[in-house]
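> If you want the building blocks of each chain, they are given just below.
Number of protein chains: 2
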Amino acid sequence: MAQKPSIPKGTRDFSPAEVAKRNYIFSIIKSNFEKFGYQPIETPTFENSETLMGKYGEEGDRLIFKILNSGDYLAKTNETFLTEKNSLKLTSQISEKALRYDLTVPFARYVVQHQNEIEFPFKRYQIQPVWRADRPQKGRFREFYQCDADVVGSTSLWQEVELVQLYDSVFSTLGLEGVTIKINNRKILSGIAEVIGASDKLIDFTVALDKLDKIGEDGVKKEMLEKGISEAALEKVQPLFNFTGTISEKIEKLSALLSSSAEGMKGVEELQFICDNIMALGLDKSELDLDVTLARGLNYYTGAIFEVSAPKGVAMGSIGGGGRYDDLTGIFGLKNMSGVGISFGLDRIYLVLEELNLFPQTVTSTSKALFLNFGHEEALYSMKAIAQLRKEGIKVEMYPDNAKIGKQFQHADKRGIPFAVIVGGDEIANNQYALKDLASGEQKKVSLDELKELLK
Amino acid sequence: MAQKPSIPKGTRDFSPAEVAKRNYIFSIIKSNFEKFGYQPIETPTFENSETLMGKYGEEGDRLIFKILNSGDYLAKTNETFLTEKNSLKLTSQISEKALRYDLTVPFARYVVQHQNEIEFPFKRYQIQPVWRADRPQKGRFREFYQCDADVVGSTSLWQEVELVQLYDSVFSTLGLEGVTIKINNRKILSGIAEVIGASDKLIDFTVALDKLDKIGEDGVKKEMLEKGISEAALEKVQPLFNFTGTISEKIEKLSALLSSSAEGMKGVEELQFICDNIMALGLDKSELDLDVTLARGLNYYTGAIFEVSAPKGVAMGSIGGGGRYDDLTGIFGLKNMSGVGISFGLDRIYLVLEELNLFPQTVTSTSKALFLNFGHEEALYSMKAIAQLRKEGIKVEMYPDNAKIGKQFQHADKRGIPFAVIVGGDEIANNQYALKDLASGEQKKVSLDELKELLK
Numbered sequence: 083m084a085q086k087p088s089i090p091k092g093t094r095d096f097s098p099a100e101v102a103k104r105n106y107i108f109s110i111i112k113s114n115f116e117k118f119g120y121q122p123i124e125t126p127t128f129e130n131s132e133t134l135m136g137k138y139g140e141e142g143d144r145l146i147f148k149i150l151n152s153g154d155y156l157a158k159t160n161e162t163f164l165t166e167k168n169s170l171k172l173t174s175q176i177s178e179k180a181l182r183y184d185l186t187v188p189f190a191r192y193v194v195q196h197q198n199e200i201e202f203p204f205k206r207y208q209i210q211p212v213w214r215a216d217r218p219q220k221g222r223f224r225e226f227y228q229c230d231a232d233v234v235g236s237t238s239l240w241q242e243v244e245l246v247q248l249y250d251s252v253f254s255t256l257g258l259e260g261v262t263i264k265i266n267n268r269k270i271l272s273g274i275a276e277v278i279g280a281s282d283k284l285i286d287f288t289v290a291l292d293k294l295d296k297i298g299e300d301g302v303k304k305e306m307l308e309k310g311i312s313e314a315a316l317e318k319v320q321p322l323f324n325f326t327g328t329i330s331e332k333i334e335k336l337s338a339l340l341s342s343s344a345e346g347m348k349g350v351e352e353l354q355f356i357c358d359n360i361m362a363l364g365l366d367k368s369e370l371d372l373d374v375t376l377a378r379g380l381n382y383y384t385g386a387i388f389e390v391s392a393p394k395g396v397a398m399g400s401i402g403g404g405g406r407y408d409d410l411t412g413i414f415g416l417k418n419m420s421g422v423g424i425s426f427g428l429d430r431i432y433l434v435l436e437e438l439n440l441f442p443q444t445v446t447s448t449s450k451a452l453f454l455n456f457g458h459e460e461a462l463y464s465m466k467a468i469a470q471l472r473k474e475g476i477k478v479e480m481y482p483d484n485a486k487i488g489k490q491f492q493h494a495d496k497r498g499i500p501f502a503v504i505v506g507g508d509e510i511a512n513n514q515y516a517l518k519d520l521a522s523g524e525q526k527k528v529s530l531d532e533l534k535e536l537l538k
Numbered sequence: 083m084a085q086k087p088s089i090p091k092g093t094r095d096f097s098p099a100e101v102a103k104r105n106y107i108f109s110i111i112k113s114n115f116e117k118f119g120y121q122p123i124e125t126p127t128f129e130n131s132e133t134l135m136g137k138y139g140e141e142g143d144r145l146i147f148k149i150l151n152s153g154d155y156l157a158k159t160n161e162t163f164l165t166e167k168n169s170l171k172l173t174s175q176i177s178e179k180a181l182r183y184d185l186t187v188p189f190a191r192y193v194v195q196h197q198n199e200i201e202f203p204f205k206r207y208q209i210q211p212v213w214r215a216d217r218p219q220k221g222r223f224r225e226f227y228q229c230d231a232d233v234v235g236s237t238s239l240w241q242e243v244e245l246v247q248l249y250d251s252v253f254s255t256l257g258l259e260g261v262t263i264k265i266n267n268r269k270i271l272s273g274i275a276e277v278i279g280a281s282d283k284l285i286d287f288t289v290a291l292d293k294l295d296k297i298g299e300d301g302v303k304k305e306m307l308e309k310g311i312s313e314a315a316l317e318k319v320q321p322l323f324n325f326t327g328t329i330s331e332k333i334e335k336l337s338a339l340l341s342s343s344a345e346g347m348k349g350v351e352e353l354q355f356i357c358d359n360i361m362a363l364g365l366d367k368s369e370l371d372l373d374v375t376l377a378r379g380l381n382y383y384t385g386a387i388f389e390v391s392a393p394k395g396v397a398m399g400s401i402g403g404g405g406r407y408d409d410l411t412g413i414f415g416l417k418n419m420s421g422v423g424i425s426f427g428l429d430r431i432y433l434v435l436e437e438l439n440l441f442p443q444t445v446t447s448t449s450k451a452l453f454l455n456f457g458h459e460e461a462l463y464s465m466k467a468i469a470q471l472r473k474e475g476i477k478v479e480m481y482p483d484n485a486k487i488g489k490q491f492q493h494a495d496k497r498g499i500p501f502a503v504i505v506g507g508d509e510i511a512n513n514q515y516a517l518k519d520l521a522s523g524e525q526k527k528v529s530l531d532e533l534k535e536l537l538k
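Protein chains in written order, with this note's numbering: chain A, 83 to 538; chain B, 83 to 538.
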């Protein structure tokens with residue numbers, strides 16, 4: 083019986099045109115990763131469940147795709163779980179493997195498992211899909227790629243400097259102007275918490291402060307007071323409500339504000355090092371900004387925090403993010419392994435390039451020319467030329483059947499193939515090829531060498 | 083609690099050196115696919131179970147990895163299946179998705195689903211991993227890549243000609259000499275079955291004939307008789323027991339042998355077309371051979387059958403295979419869509435290249451030079467040069483910490499980085515860099531421009 087074919091929700095098929103564009107982005111990210119000394123690793127699509135479970139919080143555990151054990155998977159299960167229909171408890175009995183949820187936990191697992199083969203500091207990149215059983219939405223998929231570069235085994239702040247340069251290099255190569263690389267530091271946030279005398283209010287504080295643009299100073303303060311932050315605290319951090327100026331000016335303000343917090347001052351010092359050196363080295367097309375409201379993965383990062391915004395005018399969330407985490411591999415028993423890394427959001431970068439029309443015309447896997455087919459003798463003559471052209475790396479093909487000429491031209495047109503090569507008795511007799519530019523309609527007879535030159 | 087980290091059996095982590103080598107093979111396969119006019123598609127890692135189940139036989143169904151439904155997956159299950167612990171029947175109630183088992187069925191699904199967007203004939207390639215819950219063995223994995231090129235929507239035998247050229251082009255580019263591309267035709271096999279008067283004995287016949295090299299003519303005949311093939315039948319196909327000579331001679335023998343079978347003669351004609359044109363066009367480093375015992379996927383292929391053997395002397399099974407199937411998309415309701423395709427076995431090709439030492443030295447993602455770190459001033463001076471070098475596409479990096487010089491040299495050595503760049507007060511004063519060749523120990527002072535030239 084014929085089935086109406088479809089794919090699971092939240093997943094995608096990619097057409098040749100889409101694959102070509104995605105590969106264009108991947109290849110630029112990859113070549114930049116390698117220029118910066120990062121080396122590729124790959125980990126399996128599925129990990130043992132215990133490697134993943136409990137690493138992403140309760141919500142994360144729910145969103146991990148689990149793989150059903152093979153064979154008679156019910157044989158050794160607990161009867162009670164079955165009769166009670168206890169899905170939650172049965173899962174670990176019938177599923178031992180799960181699909182990768184991100185690239186960070188598998189990387190930590192890789193580092194610990196291969197620690198004796200790895201020379202530290204270890205700069206690795208990884209570009210692979212991950213899976214999340216999230217509710218699919220516009221722009222949110224259940225299968226999507228992550229592109230991560232991380233270095234473990236060094237606390238040097240030069241890594242942070244380089245990662246900002248790496249962001250700039252990738253986005254500049256992609257032709258994106260006016261990307262903002264926002265930077266903050268977890269220790270600054272802790273310092274603020276110390277200064278307002280309420281470490282437990284830190285998240286409320288940053289969430290509210292982040293709304294400054296939208297609801298104004300009064301609105302933000304109102305929200306903060308509602309969350310239990312005192313008037314006195316708000317007075318202390320008043321400078322944050324008018325946090326403008328150059329990076330140097332901002333650092334100066336923070337320095338004054340956090341002078342009573344040792345941790346806060348450590349954060350200021352780190353920020354200063356990173357920003358000073360980036361400014362000394364210069365950025366290409368991106369801008370650096372210090373954003374004290376930046377708090378992604380607050381429980382995770384311990385030092386620098388990065389986030390990249392698309393150019394102004396493009397309605398898109400962050401197109402990248404990352405930061406430093408002082409204990410990456412502790413979960414797998416290897417202590418004191420500081421790491422810092424960044425991630426690129428492929429799908430969003432794709433949408434930004436599409437919106438700004440930044441994909442080069444040359445990004446296509448389509449053949450350069452279609453040889454028309456007028457019968458066996460002509461086809462064999464064509465195939466000899468085609469073999470020569472392909473040896474030069476030129477993408478060409480022949481229409482496989484001796485079909486009506488109109489149909490063959492239409493095929494070239496629909497495929498977006500720019501040239502047709504027409505071979506009849508005349509051409510064969512003169513050892514020539516008629517090359518037709520399908521856009522202009524212009525046609526001329528050329529030799530094989532000329533054909534090579536023209537199609538290159 | 084620290085867990086001892088590991089990965090599921092049958093899966094692999096790939097180190098930077100391995101990824102570089104695998105990518106070398108992928109990129110050669112890819113660029114050849116595109117030169118031949120094949121265009122990339124990608125399909126989701128998991129498909130709806132009904133797309134995959136029942137397409138690979140009962141054994142295949144067992145080997146498909148199933149994904150457990152999310153949430154309270156037991157809620158609507160049949161109580162009887164649970165209390166009976168009926169794994170087989172419960173599966174379809176708790177799992178709606180499954181991991182891709184090969185690339186052919188997803189491709190057929192893609193063609194039918196997107197038939198209105200596709201311009202036929204459609205030449206597509208696909209390079210993605212597949213998963214099989216097979217018992218892991220040496221060289222057999224539960225996660226492995228397939229690299230497939232197929233064309234659907236044309237019965238032209240030029241496609242078969244091109245696919246043989248494509249095999250030759252890929253293996254020649256990889257530097258493999260003496261690969262044998264074996265060809266056969268399903269219609270020849272049917273013709274033989276007709277001639278021996280026993281279509282149901284065809285598999286027994288080809289399996290036995292395939293052992294000619296090992297057990298000799300008498301051994302093969304003994305086995306055939308045991309399988310119920312008659313003495314008279316064996317006499318009729320006696321030429322197959324001495325099936326040597328050039329391809330033309332073999333085709334002549336087949337033509338004589340199968341003259342009474344219309345289907346067999348159709349197969350001879352097809353073989354003749356393919357072989358004649360390949361010989362007229364020539365192959366680079368591979369050899370073409372006609373092998374009448376070749377019967378891969380007998381129930382599947384309807385015309386040409388291909389298989390590629392590694393160069394003689396390398397103990398390795400087939401490194402590629404394929405053929406024509408007249409009804410690729412019928413399972414999904416689109417009739418009369420003939421397809422022909424080939425596949426490359428990445429893991430085996432990798433092992434062959436490794437054994438023959440054919441990976442170029444340049445296949446590595448390792449940096450060209452490590453700048454040593456002697457403190458902040460030197461580091462900043464180095465980072466300025468590094469930014470310039472990276473703009474030229476040169477892979478360089480700086481040791482992140484001001485560690486002991488011996489440790490830094492050791493890092494370059496262990497990483498296989500060929501050059502070190504040493505920057506001290508002297509170099510900074512003279513706007514120079516000391517470049518040390520770590521293999522020869524030779525060291526010289528150079529300008530930034532010279533450094534670019536030397537590291538390019």
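Simulated from the structure, these hints should not be mistaken for laboratory data. One should not assume that every hint holds.
[As the list claims (entries may be wrong)] Which chain A residues face chain B? A few, computed with CB under 7 angstroms, are given here:
| # | residue |
| --- | --- |
| 1 | Gly-119 |
| 2 | Gly-136 |
| 3 | Phe-147 |
| 4 | Tyr-192 |
| 5 | Val-194 |
| 6 | Glu-201 |
| 7 | Ser-238 |
| 8 | Gln-241 |
| 9 | Glu-331 |
| 10 | Lys-335 |
[Unchecked claim] Straight-line alpha carbon distances no greater than 30 angstroms define the calculated DSSO-like cross-link-like pairs of lysine-lysine that follow:
| # | chain 1 | residue 1 | chain 2 | residue 2 |
| --- | --- | --- | --- | --- |
| 11 | B | Lys-367 | A | Lys-466 |
| 12 | A | Lys-167 | B | Lys-348 |
| 13 | A | Lys-103 | B | Lys-91 |
| 14 | A | Lys-367 | B | Lys-534 |
| 15 | A | Lys-171 | B | Lys-91 |
| 16 | A | Lys-86 | B | Lys-335 |
| 17 | A | Lys-264 | B | Lys-466 |
| 18 | A | Lys-112 | B | Lys-112 |
| 19 | B | Lys-489 | A | Lys-112 |
| 20 | A | Lys-496 | B | Lys-473 |
| 21 | A | Lys-486 | B | Lys-417 |
| 22 | A | Lys-367 | B | Lys-473 |
| 23 | B | Lys-303 | B | Lys-283 |
| 24 | B | Lys-367 | B | Lys-335 |
| 25 | A | Lys-318 | A | Lys-348 |
| 26 | B | Lys-450 | A | Lys-112 |
| 27 | A | Lys-112 | A | Lys-86 |
| 28 | A | Lys-332 | B | Lys-466 |
| 29 | B | Lys-103 | A | Lys-103 |
| 30 | B | Lys-318 | A | Lys-450 |
| 31 | A | Lys-367 | B | Lys-367 |
| 32 | B | Lys-283 | A | Lys-367 |
| 33 | B | Lys-283 | A | Lys-86 |
| 34 | A | Lys-86 | B | Lys-171 |
| 35 | A | Lys-112 | B | Lys-304 |
| 36 | B | Lys-466 | A | Lys-171 |
| 37 | B | Lys-103 | B | Lys-137 |
| 38 | B | Lys-137 | A | Lys-91 |
| 39 | A | Lys-496 | A | Lys-103 |
| 40 | A | Lys-538 | B | Lys-466 |
All figures in this text were calculated on a predicted structure; none of them were measured in a lab. Glycine included, C-beta positions come from ideal geometry on N, C-alpha and C.
> Now tell me if each hint is right for this structure.
Hint check:
1. Gly-119: 3 angstroms, holds
2. Gly-136: 10 angstroms, violated
3. Phe-147: Where the cut-off is 7 angstroms and the nearest Cβ of chain B is about 6 angstroms from A:Phe-147, the hint holds.
4. Tyr-192: Where the cut-off is 7 angstroms and the nearest Cβ of chain B is about 6 angstroms from A:Tyr-192, the hint holds.
5. Val-194: It holds, given that the least Cβ distance between A:Val-194 and chain B is near 5 angstroms, below 7 angstroms.
6. Glu-201: 4 angstroms, holds
7. Ser-238: 4 angstroms, holds
8. Gln-241: Holds - the Cβ of A:Gln-241 comes within 7 angstroms of chain B, reaching about 6 angstroms at its closest.
9. Glu-331: For A:Glu-331, the interface hint is violated, since the closest Cβ of chain B sits about 23 angstroms away, which is over 7 angstroms.
10. Lys-335: For A:Lys-335, the interface hint is violated, since the closest Cβ of chain B sits about 25 angstroms away, which is over 7 angstroms.
11. B:Lys-367 to A:Lys-466: Cα-Cα ~17 angstroms, so holds.
12. A:Lys-167 to B:Lys-348: 60 angstroms, violated
13. A:Lys-103 to B:Lys-91: 35 angstroms, violated
14. A:Lys-367 to B:Lys-534: 23 angstroms, holds
15. A:Lys-171 to B:Lys-91: At roughly 24 angstroms apart (the allowed maximum being 30 angstroms), B:Lys-91 and A:Lys-171 satisfy the hint.
16. A:Lys-86 to B:Lys-335: 47 angstroms, violated
17. A:Lys-264 to B:Lys-466: With Cα atoms ~22 angstroms apart, A:Lys-264 and B:Lys-466 stay inside 30 angstroms; holds.
18. A:Lys-112 to B:Lys-112: At roughly 17 angstroms apart (the allowed maximum being 30 angstroms), B:Lys-112 and A:Lys-112 satisfy the hint.
19. B:Lys-489 to A:Lys-112: Distance of about 28 angstroms is within 30 angstroms: holds.
20. A:Lys-496 to B:Lys-473: Outside the cut-off at roughly 39 angstroms; violated.
21. A:Lys-486 to B:Lys-417: 23 angstroms, holds
22. A:Lys-367 to B:Lys-473: 13 angstroms, holds
23. B:Lys-303 to B:Lys-283: 14 angstroms, holds
24. B:Lys-367 to B:Lys-335: 27 angstroms, holds
25. A:Lys-318 to A:Lys-348: 19 angstroms, holds
26. B:Lys-450 to A:Lys-112: 16 angstroms, holds
27. A:Lys-112 to A:Lys-86: Violated, because 38 angstroms separates the two Cα atoms, which is more than 30 angstroms.
28. A:Lys-332 to B:Lys-466: Within the cut-off at roughly 26 angstroms; holds.
29. B:Lys-103 to A:Lys-103: Holds, at about 24 angstroms.
30. B:Lys-318 to A:Lys-450: 51 angstroms, violated
31. A:Lys-367 to B:Lys-367: Distance of about 48 angstroms is beyond 30 angstroms: violated.
32. B:Lys-283 to A:Lys-367: 71 angstroms, violated
33. B:Lys-283 to A:Lys-86: Since the Cα atoms of B:Lys-283 and A:Lys-86 sit roughly 36 angstroms apart, the hinted pair is violated (cutoff 30 angstroms).
34. A:Lys-86 to B:Lys-171: 23 angstroms, holds
35. A:Lys-112 to B:Lys-304: With a Cα-Cα distance of about 59 angstroms, the restraint between A:Lys-112 and B:Lys-304 is violated, given a limit of 30 angstroms.
36. B:Lys-466 to A:Lys-171: 57 angstroms, violated
37. B:Lys-103 to B:Lys-137: 33 angstroms, violated
38. B:Lys-137 to A:Lys-91: 22 angstroms, holds
39. A:Lys-496 to A:Lys-103: Satisfied, since the Cα-Cα distance of roughly 19 angstroms is no more than 30 angstroms.
40. A:Lys-538 to B:Lys-466: 37 angstroms, violated
Violated hints, in rising order: 2, 9, 10, 12, 13, 16, 20, 27, 30, 31, 32, 33, 35, 36, 37, 40; the structure is consistent with all others.
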